[in-house]
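S.K.: Whole structure, please, built from the sequences with the hints as guidance.
Residue-level listing of the chains:
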Amino acid sequence: NAGVTQTPKFRILKIGQSMTLQCAQDMNHNYMYWYRQDPGMGLKLIYYSVGAGITDKGEVPNGYNVSRSTTEDFPLRLELAAPSQTSVYFCASSYGTDTYGYTFGSGTRLTVV
Amino acid sequence: AQSVTQLDSQVPVFEEAPVELRCNYSSSVSVYLFWYVQYPNQGLQLLLKYLSGSTLVESINGFEAEFNKSQTSFHLRKPSVHISDTAEYFCAVRMDTGRRALTFGSGTRLQVQP
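Chain order of the listed sequences is A and B. All you need for this note's numbering is the position in the first sequence, starting with 1, plus 11. All you need for this note's numbering is the position in the second sequence, starting with 1, plus 47.
Honestly, the hints are just simulated from the structure, not real lab data. Since we're looking at a predicted model, the values are computed, not measured. A few of these clues could be false.
[Stated by the list, open to error] Here are the simulated DSSO-like pairs of lysine-lysine, each with C-alpha atoms no more than 30 Å apart in a straight line: (1) B:K96 - A:K25; (2) A:K55 - A:K20; (3) A:K68 - A:K25; (4) A:K20 - B:K96; (5) B:K116 - A:K25; (6) A:K20 - B:K116; (7) B:K116 - B:K96; (8) A:K68 - A:K55; (9) A:K68 - A:K20; (10) A:K55 - A:K25.
M.R.: Next comes the structure, spelled out in structure tokens:
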């Protein structure tokens, strides 16, 4: 019972580089989410998906892209990394609507230098 | 737009003392309310939730929260804290309409001292 798996756990990027943060869940959850956590700011929603093939923007989508080709996977793409994207990124999933509560991954700590 | 305010960024308390972590939200429609806990270097875990019915909800480890519609609050309480309760606590809200995702508060760091 892996739950929500995020890779990598840590990454240092140079300004302008690109990378994909991976997120996979094995609970057959339809809903998946990407949040970023900055100190003292709580969690901000980047993108979310209510099912395979369906994605929507959250509060802070600029600089990011997502895709949802399968129920299990929800990768987050950074195309041109900027220092403002230094953060801890959390992926989460939920069954049905989010009123069931989220299952979170352990996070990816990203530093852009 | 909905928002969540956690008034206290840090709450220091001695072991076995009571604690209250405050959460207020703004919304003109029905809401679902949640408290999540984050231990160091981990993801968030659901602590308790209010969806409907009784306004007082409890968790398995002694925390409780009360939904107060008139004051738009969902404060978290525990009558006697333990060292192991040291963590960051996040209040979250989702409106009954609109975006199907949670909006989180900025978090409260609970520091339990011996």
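S.K.: Now look at each hint and say whether the structure bears it out.
M.R.: Against the structure, the hints:
no. : hint           : result
1   : B:K96 - A:K25  : violated (40 Å)
2   : A:K55 - A:K20  : holds (19 Å)
3   : A:K68 - A:K25  : holds (25 Å)
4   : A:K20 - B:K96  : holds (29 Å)
5   : B:K116 - A:K25 : violated (48 Å)
6   : A:K20 - B:K116 : violated (40 Å)
7   : B:K116 - B:K96 : holds (15 Å)
8   : A:K68 - A:K55  : holds (11 Å)
9   : A:K68 - A:K20  : holds (24 Å)
10  : A:K55 - A:K25  : holds (23 Å)
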